[in-house]
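Peer 1: Residue strings, one per chain:
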Amino acid sequence: MTSRTFLAIVAVRCKMLLQYRAAALAGFGTQLFWGFIKVMVFVAFYASAVVEPPMTFAQVLVYVWLGQALLALLPWNVDKEIAEQIRSGGVAYELLRPVDLYGFWFARTLAFRLAPTLLRMVPMLVFTYFMMPWVGLEDWALPAPASAASGWLFLLSALATLLLSTAVTMILHISLMWTISGEGFNRMMPGVVPLFAGLIVPLPLFPDWLQGFLYWQPFRGLADVPFRIYSGHIPADAALLEVAMQLGWSALLIGFGMALLTRARHNLVVQGG
Amino acid sequence: MATADGPGALSLYGRFVSQSIRATLQYRLSFVLMAVGYFITSGVEALGVWALFDRFGMLGQWSLAEVALLYGMVNVAFPISEALARGFDVFGQEFVKTGNFDRVLLRPRSTVLQLAGYEFQIHRVGRLLQGLIVLGIAMWLLPVEWTWWRIALMVFTILSGVVFFYALFIFQAAMSFWTVESLEIMNTLTYGGVETAQYPLAIYEPGFRRFFTFVVPLGCISYFPAVAILGIEDPLGSERWMQVAAPLAGYLFFAASLLAWRFGIRHYTSTGS
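Order-wise, the sequence lines are chains D and R.
Residue numbering for the first sequence follows my numbering, starting at 1160 and increasing by one per position.
Residue numbering for the second sequence follows my numbering, starting at -2 and increasing by one per position.
For reference, chain D alone in the conformation it holds in the complex (with noise of 0.2 Å):
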């Protein structure tokens, strides 16, 4: 597939699910509550902390914000029209497009991944950055990038994880062509992504002998790693080798799901009618 044809699928599915506009803004309301809870939440858990926690208050606050910001970012579900398309048999038509369906498919991901995330961002950062030092909540606001430096690095590995998070989307996707297993599959990962994402609660204040675990496995670079990259927890100088270890994670993952559709496709029996 071209690059072309890849970025005018994005192009217009982005346009169309960006129509969606009644729902991000009560998405927005959900998330904006859900944060001022966490928030609370570990207002009262630093304030009876008696050894330092491995992460400043400040950081913790760049967590939860930027975590409810790009809640829509995480591969906690699939995409509708895809999975009724393997349901009812409509993939017959899918393959005989003249495109290379992991491409097809990986195209709309990103953008099913992106559009909601981008609607639901802006008002969020907005909101939390600006607004809330106006209101007199400066003590809870998102604060800034630990430097100049930090936001860059920020912003790259937050394009890794848009890449890594529509390649398990994929995932996601092509496991539903095997019905039931595939199924079950995409009923567990809602719990597992955000806990190892760092979601649930930021990795490093998991507890120390889980640590060594929680580095290598890929969902961290999901939000764990561009969040601390953000807040400076990750140094700017050693963000580079966390965004390369995303691109990494996601290049096995997109392999992984390609070999799984190669083999679906083997297995794809389309009922005549």
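The hints are simulated quantities; they were obtained by calculation from the structure and are not laboratory data.
Backbone N, C-alpha and C define an ideal beta-carbon position, used for all residues, glycine too.
There may be inaccurate statements among the hints.
To be verified - Calculated cross-link-like contacts (lysine-lysine; reagent style DSS-like; alpha-carbon spacing at most 25 Å):
no.	chain 1	residue 1	chain 2	residue 2
1	D	Lys1239	R	Lys94
2	R	Lys94	D	Lys1174
3	D	Lys1239	D	Lys1174
To be verified - Residues from chain D shown here face chain R by an in silico Cβ test under 10 Å; the list is partial:
no.	residue
4	Ala1170
5	Val1171
6	Met1175
7	Leu1177
8	Ala1181
9	Leu1184
10	Gly1186
11	Thr1189
12	Trp1193
13	Phe1195
14	Ser1207
15	Pro1212
16	Val1351
17	Leu1354
On the provided structure of chain D, position chain R as indicated by the hints.
Peer 2: Frame of chain D; chain R shown alone:
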């Protein structure tokens, strides 16, 4: 109920429920996968609470066992409501948007009875089991004597919690007479309510506390009775008799939701197709 239901309403409801269970169990593997998935997605929250206590030791004056009691009670009450109130939960999407509510209105039984019997989601047992496990751990860890009145108050609190969350789903359904696109905002009170009630109300900001005591009486079905069960002084200064009577607010809230439902129905205009 919205209109008098006449004889046999309860047995009819029982038949709705048993039919729904039998239908679900036709797809046994699917049901098991859904239940296990729900166990995991809700269970990661418990892991998160554990991780934070492992890191910080205490949450102000609250111990892990005390928070586990709050967590367990709300995570037992909520899935029961969710299982029972499915008809109201999906009301906006499945009845108002599609116009299917017209059919409900034509039948010679009350709308509330029909929606209550719409679907009984037994896979919610996944979260229920998770809540029961945490509750069991809390009861085992807590240094209180489990007298009959403590158990009775706990059961009463959980039942009131079921009624309270059911009322939230009815409010959500009533809201869909005006909007179906912005219903996600109600998640702040349902799922957000569960999240909030997992921690002691005393750690939150005063305005937030008042909202969840007097407007949406979430604290009345979790925090206040829990203080009485624990036999401690309430840092918020409530009297013992208030703590024990507080769960009654859940039933008042339920009555209010039925009024909102009746008011909503009068405003209903069909989509007409």
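Peer 1: Could you run down the list of hints and mark each one as holding or not?
Peer 2: Comparing the hints with the structure gives:
no.	hint	verdict
1	D:Lys1239 - R:Lys94	holds, 18 Å
2	R:Lys94 - D:Lys1174	holds, 24 Å
3	D:Lys1239 - D:Lys1174	holds, 17 Å
4	Ala1170	violated, 25 Å
5	Val1171	violated, 23 Å
6	Met1175	violated, 16 Å
7	Leu1177	violated, 15 Å
8	Ala1181	holds, 4 Å
9	Leu1184	holds, 7 Å
10	Gly1186	holds, 5 Å
11	Thr1189	holds, 5 Å
12	Trp1193	holds, 6 Å
13	Phe1195	holds, 7 Å
14	Ser1207	holds, 5 Å
15	Pro1212	holds, 6 Å
16	Val1351	holds, 7 Å
17	Leu1354	holds, 4 Å
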